[in-house]
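K.L.:
Chains as they are written, first to last, in this note's numbering: chain X, 1 to 168; chain H, 1001 to 1138.
Think of the hints as simulated: they come from the structure by calculation, not from any bench. Hints are not guaranteed to be accurate.
Here are the simulated DSSO-like cross-link-like pairs (lysine-lysine), alpha carbons at most 27 Å apart as the crow flies [to be verified]:
id	chain 1	residue 1	chain 2	residue 2
1	H	K1010	H	K1064
2	H	K1010	H	K1053
3	X	K112	X	K122
4	X	K120	X	K85
5	X	K148	H	K1055
6	X	K38	X	K122
7	H	K1010	X	K148
8	X	K11	X	K159
9	H	K1010	X	K38
10	H	K1053	X	K38
11	X	K11	X	K148
12	X	K38	H	K1064
13	X	K102	X	K120
14	X	K113	X	K85
Which bits of chain X does chain H cover? Going by a derived footprint, with three or more residues having C-beta under 8 Å, they are [stated by the list, open to error]:
id	region
15	96-103
16	134-147
Since the structure is predicted, the reported quantities are computational estimates derived from the model, not experimental observations. Glycine residues also receive a C-beta, built at the ideal position from the N, C-alpha and C atoms.
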Amino acid sequence: MSGIEGIEELKAKLKRFEDAVALSINGDVIAETQAMQKETAELVPVDSGAGREALLDPQSLRVVKSPDGPGVRVLFGLDVPSLAKRAFHLFFVEFGTKGYMKGSERHAGFDKKGRRRWRKIKKPVPPRPAQPFWRPAEANMWRRLETKLNMARIVTAAKRAAGLADQS
Amino acid sequence: MSSIDFAVQKAIDALLVPALASLQAPGMSAPGVPVYDHAPAGSAYPYVRYGRKIKTPDNLLAEKMARVQLSISVFSNFRGQEQVDEILARIEDTLDDASLTLATGEAVRCDLERADTTIDADGVTYMGSAIYTVLVNP
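The whole structure should be built from the sequences, with the hints applied where relevant.
P.N.:
If you want it as structure tokens, here you go:
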């Protein structure tokens, strides 16, 4: 039977290497997610300001221990029920809405049996274009984080090669 | 100096209009999906509309380089997501990694950032949304 000797040792070394990289960018992950939070708040169109306040609410960003390794998991979102209630309309801002002509019917919630209710439109409602604020901010965060992650990989690998892995 | 943001939109429009004019997506009786910057009230479905443009400086390689993120929306009343997906696919074929010729400045790259489909609150209208990032050098 053929096989490659030392493959388990190599895998363990790679795992230790990636753990070291993950630990070294923990702070960056938190900082970049906070930067994304700030960017979403800057980009989101504001009327009453309720959506922007929900995005900036401390409950929207939580840091927990990562279940996958030694790093952290940073959660940013409007999944907390009180925030979701305040900012449900941000979905329509992000993706846009259709327009309605006079006389057409518009969805107006659900009745007690769960059936859709409709109401007739008296004045035309123009379609609203998508005004994405979340996806551009998220894409920018990943771009910055990827750059930092690649840099951390290079620095960690260089330190190991030079026998300086334990030095910051 | 004229707006490079609008030059990006015009360059994208020059590629997108002919590409969508020949598209006959499922549910359409004839080819042709119109593209609007400002959709007139009562526009027939399906149609494509330009949305938000965001310019972010990206001056790692050159002083004035920037990324222009352009949102493109698809509106459809076809039952199900197939029509929206077909239109988004044609847009991707046309724009992802496309060479854009700008009236002002230069487009270095054009990449698809994200494409989504969603349904309006009416439960009838399907919407697609794609974001393209164009790296520009004025």
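K.L.:
Taking the hints in turn, state whether each one holds.
P.N.:
Taking the hints in turn, this is what the structure says about them:
1. K1010/H <-> K1064/H: 20 Å, holds
2. K1010/H <-> K1053/H: This hinted pair holds, its Cα atoms lying about 12 Å apart.
3. K112/X <-> K122/X: Cα-Cα ~25 Å, so holds.
4. K120/X <-> K85/X: Holds - the C-alpha atoms of K85/X and K120/X are around 26 Å apart, at most 27 Å.
5. K148/X <-> K1055/H: Cα-Cα ~22 Å, so holds.
6. K38/X <-> K122/X: Given that 27 Å is the threshold and the Cα spacing comes to 39 Å, the pair is violated.
7. K1010/H <-> K148/X: Between K1010/H and K148/X the Cα gap is close to 34 Å, so the pair fails against 27 Å, i.e. violated.
8. K11/X <-> K159/X: Measuring from Cα to Cα gives roughly 19 Å; hence the hint holds.
9. K1010/H <-> K38/X: Given pair K1010/H, K38/X is violated - Cα atoms ~31 Å apart, limit 27 Å.
10. K1053/H <-> K38/X: 18 Å, holds
11. K11/X <-> K148/X: Within the cut-off at roughly 23 Å; holds.
12. K38/X <-> K1064/H: 24 Å, holds
13. K102/X <-> K120/X: 8 Å, holds
14. K113/X <-> K85/X: 22 Å, holds
15. 96-103: With 5 residues close enough to chain H, the hint holds.
16. 134-147: With 4 residues in contact (Cβ-Cβ under 8 Å with chain H), the coverage given for the region 134-147 of chain X holds.
Comparing the model with each earlier hint shows violations of hints 6, 7 and 9; every other hint is respected.
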